[in-house]
Amino acid sequence: MMIRRSLILTAVLLILFEAFIRLSDIKWDTSQNDKAINLISAQNFIYNLPDNEVGMDTLIIGSSISRKLLPDSLGEHYVNLAFNGWSSYDGLELVRLTRKKPACIMVEMNIVGNQILQQDMVSSLRPLSYYTNTTFKSFQLRNQPIGLMVGYFKNLMKNKIEEQKKKKRENLALYKFNLQLEKKKLWQTIPDSVLDAKFTVLKSMINHFRRENINVIFFEAPIDEELENTATVVKLRKYFHLYFPVGQYTYLPGPKINNFSYSDGFHLTAESAVVYTLYLKQQLNDLNNVN
Amino acid sequence: MVINLGILCFFKYSPLIATSLFDTTRGVGFFLLTIPLPIGISFFTFEGISLVVDTYRDDPKTQRLVNPSFLTHIRNSFFFIIFFPHLVSGPILKAHDFIPQIDRKLFKNIDWEYCFKALVTGYFLKLVVADNLKDFTSSLIYPGFMTLSSFTLVAMLLGYSFQIFSDFAGYSSIALGLAGLFGYRLMQNFNFPYISASFSEFWRRWHISLSTFLKEYLYFPLGGNRKGKVRTYINLAVTMILGGLWHGAAWSYAVWGAFHGLALALERLLNDRFKIKIRPGSFFYTIKTLFVFSLVSLAWLLFKLPNFSQVIMYFKAIVANRGYVTNYVSILLICIYSLPVILYHIAYLCRNITPVFYRKREFAMYSMMLFLIITNSGTPGTFIYFQF
Chain A
1 MMIRRSLILT AVLLILFEAF IRLSDIKWDT SQNDKAINLI SAQNFIYNLP
51 DNEVGMDTLI IGSSISRKLL PDSLGEHYVN LAFNGWSSYD GLELVRLTRK
101 KPACIMVEMN IVGNQILQQD MVSSLRPLSY YTNTTFKSFQ LRNQPIGLMV
151 GYFKNLMKNK IEEQKKKKRE NLALYKFNLQ LEKKKLWQTI PDSVLDAKFT
201 VLKSMINHFR RENINVIFFE APIDEELENT ATVVKLRKYF HLYFPVGQYT
251 YLPGPKINNF SYSDGFHLTA ESAVVYTLYL KQQLNDLNNV N
Chain B
1001 MVINLGILCF FKYSPLIATS LFDTTRGVGF FLLTIPLPIG ISFFTFEGIS
1051 LVVDTYRDDP KTQRLVNPSF LTHIRNSFFF IIFFPHLVSG PILKAHDFIP
1101 QIDRKLFKNI DWEYCFKALV TGYFLKLVVA DNLKDFTSSL IYPGFMTLSS
1151 FTLVAMLLGY SFQIFSDFAG YSSIALGLAG LFGYRLMQNF NFPYISASFS
1201 EFWRRWHISL STFLKEYLYF PLGGNRKGKV RTYINLAVTM ILGGLWHGAA
1251 WSYAVWGAFH GLALALERLL NDRFKIKIRP GSFFYTIKTL FVFSLVSLAW
1301 LLFKLPNFSQ VIMYFKAIVA NRGYVTNYVS ILLICIYSLP VILYHIAYLC
1351 RNITPVFYRK REFAMYSMML FLIITNSGTP GTFIYFQF
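Heads up: the sequence lines are chains A and B, in that order.
FYI, this note's numbering numbers position 101 of the first sequence as 101, with every residue one higher than the one before it.
Quick note: to get this note's numbering, add 1000 to the position in the second sequence (first position is 1).
Simulated from the structure, these hints should not be mistaken for laboratory data.
Treat the hints with caution; some may be incorrect.
Said to hold, decoys possible - Using 30 angstroms as the maximum straight-line C-alpha spacing, the simulated DSSO-like pairs for lysine-lysine come out as follows:
id, chain 1, residue 1, chain 2, residue 2
1, A, Lys165, B, Lys1316
2, B, Lys1316, B, Lys1215
3, B, Lys1288, A, Lys176
4, B, Lys1229, A, Lys166
5, A, Lys184, B, Lys1215
6, A, Lys185, B, Lys1316
7, B, Lys1316, A, Lys168
8, B, Lys1316, A, Lys167
As the list claims (entries may be wrong) - Take a look, some chain A residues computed to stay more than 10 angstroms from chain B by CB distance:
id, residue
9, Thr10
10, Leu13
11, Asn33
12, Gly55
13, Gln119
14, Asp120
15, Ser123
16, Ser138
17, Gln144
18, Ile161
19, Gln164
20, Asn171
21, Phe177
22, Asn178
23, Val201
24, Leu284
The C-beta atom is built at its ideal place from N, Cα and C for all residues, glycine as well.
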């Protein structure tokens, strides 16, 4: 008796919640943490972006550095598929596995991470997840009840949260500490054998997209001047040019003056992200005009 | 027993021996470091010990342990060891509790309500509470925590305390429910441990199957409290250090065990000396409960940061990072996901005040848990106790 009553009430709650999700137009950010931001982006791409619409889209693929870019400022058909803590590989593999064909893919060059697709992403791609999540919108990560609730309050307190973030950035000691950590990491060189293996995989993926008539553009987001010439950064740049020669592949030139501000030496602040997005827009326009 | 302990030591502690005594880049050190760890080894070797000791002991409780038929006895012994619901993360079964239950089971004898409650509670604790909290406590690693504010560091530590409870109690509850579906009753592994007002009470409520195992098979054979006060304190400390090392092959686990052993010995010493009685429910009793909870939570840090120097750095950061900006949204989310554990404990404390009210509405509570399991589960994470 108790079990039956529990199951009936659960079913009623689920129906009501599904109806609420379908009838309401939720615009605010419902992500609860960095990982959720990634998965919500991935699930939106997998479940909510119709295949016929993707054909006009340009996807931004990369790490948390590119996550800061504002696709809406670039134009109507830009989708940010860059992931916090992950790298271009995850985005490229996601596009390949979904078999969606965008018009263009912009690949960030700053980080070449592990080349194993994140387990959470694999779960979202499973047939059972795909059919349940597309049938019941309330099952999608972006519609979690607690995420909706906290997101609503976050939206109300947007200005205060931004103020706090700004205050955090003003802490110079913290900035220097983060910068030193990044510096230490980036001065450790990655062995050639590791990079060769990673770039071989990357090259086969990029060539796969080119064979599918998808335009691929490489770009390197600016980072703090102190990190620009560290061993890893220089080596990665060299490897990109080695595996994807400049004459055969398209690169967007980096900004000439590095007058951006960063939250930790590696990630652009919100204000600088706007400036860099506009710079990218200009570069893309110039590229289109040349073509 | 020696074989069981030998298997455990060989597989589990060889990396610790390798890193402590040998050069791990080659030879014996490298060999010891690269031995793979069989799943659930800490659990099935302990159950092996229980099987040997219980059958050896001439105890009326163990009368049914050895079946006259050799084949049946072998079958029962194997079934006891490999009974899968509890295998990788407990509760640790004792032969004298489990083997007498081995019999033909009938579908009509299944206690569906008991299983339903145990499974829903277990999945809720794991999927909704622990799996969500883990994404907020993931910065509890070096050097990630160095840039966080004092308030965030304290909130994360408390969040981890609730996470580890939900993760482990969740698994145990699922194991109980699953075993129930096969007609077996396993012992309760958790009994609202965070309401404990003393360390001895905490160990009567936390991972009960391990604490009773250590008591029955280690503390008592060492002499328990029968060989004088000093020996009792030593026995407590030794039992807890070994209990700590059972959790993992790192010195930080031994330190964690030593911390609990020391706390138990000190508590016993103070009780013997001053005999102070605090009435349950009083203000001082609540303060004492909070004090025990805080110390237990601080000690969990040794589970998350296996390097002891990093633990010290964490405490230093709590003191030094007071001026740093706090991310209140993350703290709010830690509070929200910790709330079910707090309410779970409060509901236990209030069980005698409103029993009828609770029983009439418990179906609504279970449906809410089911609803949240379906709509608000965190990203999947492995069980913390799997590594042990």
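Taking the hints in turn, this is what the structure says about them:
{"no.": "1", "hint": "Lys165/A with Lys1316/B", "in the structure": "24 angstroms, holds"}
{"no.": "2", "hint": "Lys1316/B with Lys1215/B", "in the structure": "36 angstroms, violated"}
{"no.": "3", "hint": "Lys1288/B with Lys176/A", "in the structure": "42 angstroms, violated"}
{"no.": "4", "hint": "Lys1229/B with Lys166/A", "in the structure": "59 angstroms, violated"}
{"no.": "5", "hint": "Lys184/A with Lys1215/B", "in the structure": "49 angstroms, violated"}
{"no.": "6", "hint": "Lys185/A with Lys1316/B", "in the structure": "24 angstroms, holds"}
{"no.": "7", "hint": "Lys1316/B with Lys168/A", "in the structure": "20 angstroms, holds"}
{"no.": "8", "hint": "Lys1316/B with Lys167/A", "in the structure": "23 angstroms, holds"}
{"no.": "9", "hint": "Thr10", "in the structure": "4 angstroms, violated"}
{"no.": "10", "hint": "Leu13", "in the structure": "4 angstroms, violated"}
{"no.": "11", "hint": "Asn33", "in the structure": "5 angstroms, violated"}
{"no.": "12", "hint": "Gly55", "in the structure": "30 angstroms, holds"}
{"no.": "13", "hint": "Gln119", "in the structure": "7 angstroms, violated"}
{"no.": "14", "hint": "Asp120", "in the structure": "5 angstroms, violated"}
{"no.": "15", "hint": "Ser123", "in the structure": "7 angstroms, violated"}
{"no.": "16", "hint": "Ser138", "in the structure": "6 angstroms, violated"}
{"no.": "17", "hint": "Gln144", "in the structure": "5 angstroms, violated"}
{"no.": "18", "hint": "Ile161", "in the structure": "7 angstroms, violated"}
{"no.": "19", "hint": "Gln164", "in the structure": "5 angstroms, violated"}
{"no.": "20", "hint": "Asn171", "in the structure": "7 angstroms, violated"}
{"no.": "21", "hint": "Phe177", "in the structure": "6 angstroms, violated"}
{"no.": "22", "hint": "Asn178", "in the structure": "6 angstroms, violated"}
{"no.": "23", "hint": "Val201", "in the structure": "25 angstroms, holds"}
{"no.": "24", "hint": "Leu284", "in the structure": "34 angstroms, holds"}
The structure fails hints 2, 3, 4, 5, 9, 10, 11, 13, 14, 15, 16, 17, 18, 19, 20, 21, 22 (numbered hints given earlier, in ascending order).
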